[in-house]
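Visitor: Working from the sequences, and respecting the hints, build out all of it.
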Amino acid sequence: MPYLYNTPEDQAAMLAAIGARSIDELFAMIPADMRLRRPLAIPPAMSEMELTQHMTSLAAKNTHAGQKVCFLGGGSYDHFIPAAVDELAGRGEFYTSYTPYQAEVSQGNLQVVFEYQTLIARLTGLDVSNASLYDGGSAAAEAVLMAISSTRRYGKVVIAASVHPEYRQTIATYLENLGVELETIGTPRGVVQPHDLAAAVDDKTACVVVQQPNFFGCIEDAAALASIAHDAGALVVAAFDPISLGLLKRPGDWGADIAVAEGQTLGTPMQYGGPYLGIMACREKLVRRMPGRIAGQTGDRRGKRCFVLTLQTREQHIRREKATSNVCTNQGLFALRATIYLALLGPQGLRDTANLCLQKTRYAVERLCEHDRFELAFDAPTFKEVVIRDRRGRVDELLADALAAGFLAGVPLGQWYPELHDCFLIAVTEQRTRNEIDSWTHALAKMT
Amino acid sequence: MKPENLLFAKTHEWVAVANEGGQKIATIGLSAFAVEALTDLVFIELPKVGRQVKAEESFCEVESVKAVSDVYAPVTGEVIAVNESLPDNLETLSSDPFGDGWIARIKVSDDSALANLMDHTAYQKQCEE
Amino acid sequence: MRNTRDTNLLFELSETGRRAHRLPACDVPERPVGELVPASALAAAPPALPELSEPQVVRHFANLSQLNMSVDTHFYPLGSCTMKYNPKRNERVAAMPGFSDLHPYQSEGTLQGMLQLLYELQEYLQEISGLDACSLQPSAGAHGELTALWVAATYFRDRGEKRTKVLVPDNAHGTNPASAAMAGFTTVTVKTLPSGTLDIDDLRRHLDNQIAVFMITNPNTVGIFEPRIREIADAVHQAGGLVYLDGANMNAILGIARPGDFGADMQHYNPHKTFSGPHGGGGPGAGPICVTEKLAPYLPAPVVIKTTEPSPDPSLQGRETDRYHLDYDRPKSIGRVRAFFGNVGVLVRAYCYIRTHGPDGLRRVSENAVLNANYLLSRVKHCLPVPQGDRCMHEFVASAAKVKTEKGISAMDLAKRLLDFGFHAPTVYFPLTVKESIMVEPTETESKETLDAFADTLIRIMEEDADLLHDAPHTTPISRPDEVRAARQPMLVWPETY
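Sequence order for the protein chains is A, B and C. For the first sequence, the working numbering begins at 1 and goes up steadily by one. For the second sequence, the working numbering begins at 1 and goes up steadily by one. For the third sequence, the working numbering begins at 1 and goes up steadily by one.
Just so you know, not all the hints are guaranteed correct.
In silico DSS-like pairs for lysine-lysine, Cα to Cα no more than 30 Å straight-line [said to hold, decoys possible]:
1) A/Lys156 - C/Lys162
2) C/Lys407 - B/Lys54
3) B/Lys10 - B/Lys66
According to the in silico footprint, chain A covers these stretches of chain C (three or more CB under 8 Å from chain A) [unchecked claim]:
4) 231-243
5) 332-343
6) 399-413
7) 422-435
Hints listed in this document are in silico derivations from the structure and should not be mistaken for laboratory results. This one's a predicted model, so the numbers in the text were calculated from it and none came from an experiment. Idealized CB from N, CA, C, for every residue including glycine.
Guide: Listed below in structure tokens is the structure:
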């Protein structure tokens with residue numbers, strides 16, 4: 001076995017010290033009739049070379065985004081990752097360490113968390129951030145629970161249909177057994193209409209959940225929606241795209257009380273959906289309701305600045321059934337990647353990235369919609385994603401043909417929005433060149 | 001207040017009941033023993049004024065770095081005042097536990113639970129065990 | 001030789017106008033931003049991120065990394081966390097673009113290798129647990145617990161039963177009661193005996209028609225296998241409840257005993273522990289769950305299924321091949337517990353780990369994990385009593401209560417002093433059922449020499465002057481932090497104007 005040290009001599013010496021005749025004897029506390037009396041029915045062991053060959057052949061059965069031009073979005077994006085992110089996050093001192101319970105030998109991780117929290121606070125315009133949650137979807141669900149417990153309103157949660165459908169499904173699962181209703185407001189024009197929201201919120205509403213830019217890529221009138229929620233005494237939970245904040249107003253600046261995001265865009269590969277980075281930030285008054293770990297600055301016994309996990313009484317290992325959440329593991333490695341990514345980009349890099357996404361998306365739309373077959377589904381302004389309608393209503397065939405022509409051309413929307421069965425969602429990141437956009441347009445236009 | 005004049009709960013709360021204008025008012029705090037045992041308190045979450053509490057129900061929480069302790073109401077009634085200065089001056093809990101370190105005042109609607117409380121001597125005995 | 005300049009905060013190192021990552025010029029006709037986005041949605045300026053050069057960023061994080069202990073650099077016997085070696089081959093494989101550069105909404109036809117891997121992993125996890133069905137969706141162990149409790153809640157609702165209570169032993173991980181509360185259940189605590197095993201009489205007192213689930217960790221959190229687990233499971237089943245196995249300690253029983261065979265209806269895995277996905281400084285994890293046949297319809301959607309059908313590849317001329325699909329058609333499913341498929345990167349590593357070991361190898365992993373733990377126990381029990389006895393599974397819980405009384409040396413003091421000798425501390429003060437507890441899990445990937453060195457050090461520091469220990473550690477980048485100040489006056493972000 002490749003990762004075991006004990007030689008037969010070691011084993012004999014160790015058994016002698018223990019006072020056991022055999023390793024089998026060490027398992028005596030497992031009653032004999034519960035022991036497995038056969039080998040596990042799994043394939044035999046592989047050497048490193050065999051494993052690498054096997055995995056290479058499995059990988060070859062996939063088509064990855066480097067082999068086709070990727071226009072897929074919907075919460076996971078083909079953004080560029082600078083080499084320094086991989087190099088630094090690939091250091092064993094980071095990725096083979098664990099939660100910094102012993103602060104004296106974890107200052108590296110703790111300082112990274114503190115820096116991450118600061119970056120997220122500045123990014124969102126909110127006061128505090130935690131050390132991360134699992135992903136954007138479960139972060140949204142945790143934010144909803146946090147809003148319910150801090151408002152003590154157990155009536156309902158209002159959510160826009162323009163919020164990521166899988167986030168909405170996740171929230172529905174989290175609320176299913178708690179007796180809190182989840183009311184969805186339709187967004188037939190691609191964005192929430194303020195009067196629809198006003199009609200939905202009441203004095204039993206814990207929070208309103210909106211996404212900015214929303215799942216369709218559209219820019220909501222977020223400040224107006226936030227003030228409607230606040231007038232009813234409800235909190236505002238905002239899902240956002242971190243990249244968009246190079247240009248768009250920060251959630252805290254338009255009225256969000258809790259902001260959550262999928263942080264995959266900040267330097268984490270798409271890796272078929274996870275692990276990603278659940279970002280959560282909130283206003284200071286809500287911090288004691290916030291789930292997850294939090295690092296804080298303090299001093300050591302010699303007065304030296306240092307960092308520790310703090311406000312731990314919120315957490316499950318202390319408060320058990322009364323904890324703010326059951327969350328234990330966070331996404332430390334991806335919080336690290338986001339911290340490195342943002343340090344490399346700086347304010348101008350983030351702005352440039354956002355601007356390239358905006359400009360290229362606009363260009364892609366204009367080129368594609370030169371062809372009669374395609375039109376924008378919604379007229380609201382957009383950021384890096386848009387919904388395109390195929391007037392021939394042959395979305396599945398279109399996307400399959402486009403794949404054969406070399407493009408991951410878009411995400412069909414009928415699976416979540418039956419009324420948008422003739423539509424697909426496209427995302428254009430800073431990585432897409434004019435050439436790629438032109439040839440994608442060309443390929444889609446000539447499909448039958 | 002002198003601890004000798006107070007009643008104590010098994011869960012370390014102290015109570016002073018006074019008759020104010022025909023109303024029984026209970027002032028509640030944490031014993032010096034409890035505050036010391038909790039070590040280095042960092043946070044207190046006071047109940048809201050107006051809250052109805054039942055005897056032996058947790059109505060307040062005090063936190064140290066790695067522990068949370070419930071404060072249980074010794075009587076049934078309505079919270080009519082809380083010690084607003086405590087959250088910012090937690091050291092009061094240890095410097096003057098039986099005086100300025102009071103936590104809340106409850107307008108008593110049912111004081112039958114008082115019968116379960118101990119006097120100071122009995123309480124000291126419990127602490128020694 | 002420590003570089004303390006470059007480990008200043010990013011915000012202190014920042015200098016206006018400095019820049020690392022530069023983007024290419026816009027190669028499409030550019031329009032003024034104000035024409036594309038309404039003014040009300042635009043920020044006046046980008047967020048106040050630090051401005052740094054690339055070499056600065058690299059030096060900053062490289063130096064920070066060196067302030068950590070890690071499995072790559074140190075013995076890390078953190079009980080309950082299974083800090084085993086993280087194979088480098090798994091890292092390289094998982095980084096292959098064929099796995100790491102896949103978008104979650106690609107079509108099935110472009111994902112056949114990935115779906116095959118995930119399907120096979122489902123099968124392996126079912127076989128190792130002795131259970132019938134698997135969901136790979138949960139993101140971490142606690143998330144797996146929560147998912148399983150939702151499965152249970154939905155199962156009972158479907159049967160028209162109203163069951164409201166979840167039982168957990170008093171030495172359970174805090175995640176168990178917290179998950180139960182999140183799933184809408186009331187938690188009831190069951191006592192354990194001084195021997196460390198469950199008080200079955202106390203369990204029986206709580207069993208009634210309100211019981212939904214009994215959650216148990218086995219081997220339990222003091223490193224003991226519950227010998228009467230089947231009796232426990234039978235009692236819970238007779239009351240109409242389900243048994244949930246917290247799989248945190250699976251590293252002790254791979255190929256030796258299977259939860260499904262000793263009465264569990266559901267369990268989660270912690271692949272980042274048992275199957276060596278690295279811990280990442282606090283995550284990511286993954287929390288796949290396995291369940292019995294009757295609970296399978298309630299698992300989150302989608303799961304991966306396999307069909308045999310004519311190949312779409314024209315060169316194979318319609319020959320039958322295995323095809324893998326995402327099955328969303330699960331009308332009784334609890335729904336989604338997160339966005340996208342799951343923590344696939346962690347699952348790929350778990351798959352690699354299982355394929356590297358095979359049936360015999362997995363069994364030897366557990367045998368050596370248990371051997372190492374028992375050996376270390378035999379080395380330290382004379383000076384550090386182990387209340388639950390002379391034998392353990394993959395970890396044991398010692399108590400510093402005696403040395404605390406005699407010399408004033410606490411479990412925390414010992415933990416801190418170990419750091420000075422280049423050992424990460426064991427878990428301390430968990431479980432709460434043991435006073436001054438020190439929970440040691442050496443794992444199978446440590447040598448006898450390392451275990452000896454650790455035991456020698458522990459024995460030696462117990463002879464040291466108590467004051468030296470109270471002030472420990474002495475050689476680490478910082479001394480003990482002021483946690484009271486951190487909690488009383490929380491400073492959670494660096495201020496923008498400092």
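Visitor: With reference to the structure, classify each hint as holding or not holding.
Guide: Results for each hint:
The straight-line distance between the Cα atoms of A/Lys156 and C/Lys162 is roughly 23 Å, inside the 30 Å bound, and the hint therefore holds. The straight-line distance between the Cα atoms of C/Lys407 and B/Lys54 is roughly 44 Å, outside the 30 Å bound, and the hint therefore fails. Using a Cα cut-off of 30 Å, the hinted pair B/Lys10 and B/Lys66 holds, with the two alpha carbons roughly 22 Å apart. Counting residues of the segment 231-243 of chain C whose CB lies closer than 8 Å to any CB of chain A gives 0, which falls below the minimum of 3, so the coverage claim is violated.
With 10 residues carrying a beta carbon less than 8 Å from a beta carbon of chain A, the segment 332-343 of chain C meets the three-residue requirement, and the given coverage holds. Here the segment 399-413 of chain C counts 0 residues with a CB under 8 Å from a CB of chain A, which misses the bar of 3, and the coverage is violated. Coverage of the segment 422-435 of chain C by chain A holds in this model, with 4 residues showing a Cβ closer than 8 Å to a Cβ of that chain against a need of three.
Checked against the numbered hints given earlier, this structure breaks hints 2, 4 and 6; the rest are met.
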